[in-house]
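Asker: Chain by chain, the residues:
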Amino acid sequence: MKELIQLYLKKVYYTVMRHGFDKTGLTKSKIIFSNLFLHIHPVKVHRRSLMFKTTMGLGVMSLALFIILTITGVLIMFHYVPSIALGPDNLPDAYGRMLNLRSNLFWGGFIRNMHRWSAHAMVAVVAMHMLRVFLTGSYRNGREFNWVIGVILGLLTILLSYTGYLLPWDQLAYWGVKVGTEIAKIAPGGDLIRGILLGDNDVGQEALLRFYVLHVAVLPIIISIFIAIHLFRIRKDGGLGRPADTSQEKLIPVSDCGRVENNSFFKSCRSYQLVEFVEGTEPKVNEEVEQMVFAWPKLIVREIIVTLLITVLMVIFSIMFDAGLEGPADPNHPTNPSKAPWYFLGLQELVSYHGFIGGVLIPGLLVVLVALVPYIEMFIETGLKLNRKIVSGVWFHKERLLENSIFLSLYIIMIFLIIMGTFFRGENWSFVYPFAIQSGGGH
Amino acid sequence: MENKENKENKKMDRREFMVNSAVFGLLGALFAVGSGAVYKFLKPVVSYQTPKKFRLNIKDLPPVGDELIFQEQKTLVRRKSLSEVAAISLVCTHLGCIVNKVATGFLCPCHGSQYDNEGLVVGGPAPKTLSWHFIKVIPGNQIEIDTGTSLAENTFFKI
Amino acid sequence: MMRDYWILGMLMILATLGVSLSVYKEMRPEYIAYQKQYYELTGVKQYEYEIKQLNFNTDSGILIDRCMTCHLGATNPAASHFPVPLNFHKAIVSDNQDHHNFDKIGCVVCHDGNGRGLGKVDAHGDYHDWHSPILKGKMVQANCSRCHETTVNDLAGAVNFNRGKKLYFARACWACHTIMGLSSGKSAPDLTDAGAKFSVEYLKESIVDPTANSSISKMPKFSWVTRTDDVNDLTIFLKGQRANRLKDNKKAPVEYKRADLDFLNITSSSASLGKEIFWGISKDGINTRGGCINCHSIRNDKGELQGGHNAPELTFVARSRTKAFIIEHIKNPKKHVPDTIMPSFASLSDQAIDSLYKFLDSFEFSLTGEEKYSDIHIYKTYCSGCHGEKLDGRGPRYALLDPLPRDFTKFQFIKSYQERFASSIKKGVPGTAMSSWENVLDEKQIHLVKNYIIKMAGALKDSYKRLNIELPSVNAKDRKPPYAALVPGDFQKGKIVFQRYCTSCHGKLANGKGPNAYFLVHPLPRNLLNTEFMNQPAVDDKRLYQSIMLGVAGTSMPPHDFLPDQSILDLIEYIKQLNKVQE
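Chains as they are written, first to last, in the numbering used here: chain A, 8 to 450; chain B, 11 to 169; chain C, 726 to 1308.
Hints were generated in silico from the structure; no laboratory data involved.
As the structure is a prediction and not an experimental result, all values here were calculated from the model.
All residues carry an ideal CB built from backbone N, CA and C; glycine is no exception.
Some hints here could point you the wrong way.
Unchecked claim - Heads up, simulated DMTMM-like pairs for lysine to aspartate or glutamate below, C-alpha to C-alpha not over 20 Å straight-line: (1) B/Lys146 to C/Asp828; (2) C/Lys1097 to C/Asp1026; (3) C/Lys845 to C/Asp915; (4) C/Lys829 to B/Asp156; (5) B/Lys53 to C/Glu751; (6) C/Lys1083 to C/Glu1038.
Stated by the list, open to error - Listed next, the stretches of chain B that the computed footprint assigns to chain C, with coverage defined by at least 3 CB atoms under 8 Å from CB atoms of chain C: (7) 13-26; (8) 30-44.
If we strip away everything but chain A, and leave its shape as in the complex, we get (with noise of 0.2 Å):
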């Protein structure tokens, strides 16, 4: 009776799971394929791919804070309307719901905390991921396509931010978005696009309900199709970027990343048994065999621990700081000064040199040239018959290091524009000191 019990309860399993958890190469390998969510990932994973220096965890990071996005977003759709009409107490009532959320529903507050911080951590998360990707070059060789998905990933998620930022419908979410579509109308045929996204003249119920769809339903879908892309070229590409030979670096040693026994067959091989007859170098097969490891459970716990690092990030910050909510959007009552989100006060602050140049010409073209950076350099590579010997993977390569000086500042001047924009902005946007008592604005 009990073997039969035994045997139900094995059959059960496996139509569950298709392995046990033991220390088989075999088993290694079927826990990372036979999972939907772990699949993406390689049986074998190189061994400075662990490593922190090469990623920081970054993109991870940014995976971790869509998906707590996600989460807490379809929560917070639950008690949400995109509705600016009035109630008595002369309230929209997108607004009224902001102040449900915080004041009576139970938990309410602290979701409403992590989507609001979440999504700002995400656009920081996300600028720092290309950065890393950029000052290691990993773009190269191979990776040119990737990056461009990449970026276009970037755009998305500012954009993800930026059409929330309207929702709660307070002052702050009303002029910080005016002020970013004023900016559109600088650019030629920005008007156009202005109409599309507002649905109006002026931002009112038509944008609310326009920003509204886009940011639950549309930007997501893509964003998330993006990604999908994204994270399945890094495999296609072969891996994250690293140079030919690391057999003189010093890795993460083989006997801590777990132990394997039965390991003699997968010793010399890694999973692309079937790719190996396959014309053409990608994906890269066969290569610095020895310098692999499985996958699980190093890479995965990894993940995990960047994950949960974050996760644990934003809770903390979630409980000890409220997300603001100032007074209801008053479309007669511009706060002054009127600031966009935080990672446009560097446009804007371009802006206020001059609208054409510092709206829409600086930050066109940044986001074309730093798009085609890697085919920038391809053409230029090839046009002049360099051969640098860059390897991606590697913090700041000595050949690149023009490149690397131009990103790096680029990066510094926006920092520099948006504490500038941020801090030193007062009324009318002219110079203040941070921390100056401002005089009371409307209410």
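Given the coordinates of chain A, assemble chains B and C onto it according to the supplied hints.
Answerer: Leaving out everything else, chains B and C in the frame of chain A:
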């Protein structure tokens, strides 16, 4: 030699297992706390329609033997004696129409359900008696009628 | 590997702790303590902690009210002695027929705040940028008008509100501000929705110091704002002004009716009636539509000043201005002095204005005895109110005059233009607040005060002399190449020159309000559209030429000697054309 390594491995495995079980336990706890909180997050706490509970001053109650209808709350308040009151729902138990008070009891205008004065079904498609509501005396000579409750007929409350 | 697991474990503990803490924080809302205390005080044994919500159905939607979650005893007379916030709220109207049933209408309708909030700070709206923080004490009267009609009749019980309404008329607020149904002033912001837009603190601040929230406000700083009760009552009245009321016209006692102008049906005029209008005294229970005294001051027969310091003193006005000028100025102040902030009082009847004139004409004060021919006394009595005791053009009444009174401490200016002084004093300066003094002062007094100003300015010393250049003559043959013969000025060319060199101070419209004008202090750039000023005989082509070429000494007007003569002639033509009186 081999044996020693095996022992070492076993020891390592045990430690790994313990830490991992702790991690999974905590994950379970985290999940439980999170789900509980999300459950409370989604559970309605206040209403934007007519709230379930409403308050009445005792001096505003109908005189003995009389009744008073509260349209908005869909409730009839009946006073049997100086210290006994009851509240009867005016929502038809058939499909939720609002019944009318007539001399013989209650009459539903939608599908013709008929109730007697106690709310018992005497005709029509209604499946059960009209609900009687819970009444609580609260400080300040007031009563609080909870229209969310459904009690048996002739449930009078002392005031 | 083990290290990774340990880190994982630690982070897991942290995550669980963090999430649990966030949940724990939510488990203990503020109101639980109050509910517990209340039920203990009332001796109720069975209770549960819950949010008490009350939805007040108004004609324009539902008013959400959760105040009684903490203010549990608000409708329980036995809770009179309970501690705040559990105590009983007294009836608003003390008879038994009080229709303010708090169980039905809730708290927010009168007290504002944030009815949805459950924490104290949140619910009371005591934080930055909340548009309607809680109203306490007398301030609550402001919200009576959300349901009750207050425009035509006074509302019994709202004492301070009613007093504020009286002050709105007595303090002449009505002359500049619009409140639908009460007044229709055009020269200041509409206050019909002031209560919904602004908080009590903001309103109070703006009354006491108009420039506190809007640095370019032209609203006078009234002398009566030191009286706290007046400011409070006026604030209550303004806070009660809302465009959207909770009850619509048909059902509720709210109804808008355009109040007829009081004093409109005055049939005869008299000085005593003029005095009532001037002082803004309410008559027969009707709010008077006057109140000149809030800005203007007058001097009684003993020479004591009374009234506001925001506009010229009117003791001598009947003697220094013509009757036609005064009547025209009351009806349309901008006609003769384009930049004045005085609002139009055209809504007063002819009889009312005539009464005002008669009242102004009744003053007879002037210096007598020894002081009559003492230059310092003449200056102090007649001039210092605007030009200042120190002659710096900053007398008590200077700030809101436009153009500003002349600053006599700039000796360069005095040296340059002293020959004009006698005539300016005698005849006044058209288009400005400077009136003609020849009917008030005799020749000797004018001479004395003129010399006093020159002496005090330090202009006797011969240290400064202004060039006297002649207006270049048109078509003169003696100009040698490369200087071609001058042709008469051209309006279009003058316009181009003006737009290039003058607009930063004088403005694109030439009204003296260019972007740089906000940074200049005293005097401000001349409004070149001030027709009365620009067309006076003293402002001839030669003076304009000199002012442009050499600048105006002692002011911000710099020399423009780099401009060719032809351009200056074009400019003069442009300016003259702008001021051509349309036939």
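Asker: Against this structure, judge whether each hint is valid.
Answerer: We went through each hint and held it up to the structure:
1. B/Lys146 to C/Asp828: holds (16 Å)
2. C/Lys1097 to C/Asp1026: holds (15 Å)
3. C/Lys845 to C/Asp915: It is violated: about 33 Å lies between the C-alpha atoms, which goes past 20 Å.
4. C/Lys829 to B/Asp156: Judged against 20 Å, a Cα distance of about 16 Å means the pair holds.
5. B/Lys53 to C/Glu751: holds (14 Å)
6. C/Lys1083 to C/Glu1038: The hint holds at about 16 Å.
7. 13-26: holds (count 3)
8. 30-44: holds (count 9)
Hint 3 alone, counting from the list given before, is not met by this structure.
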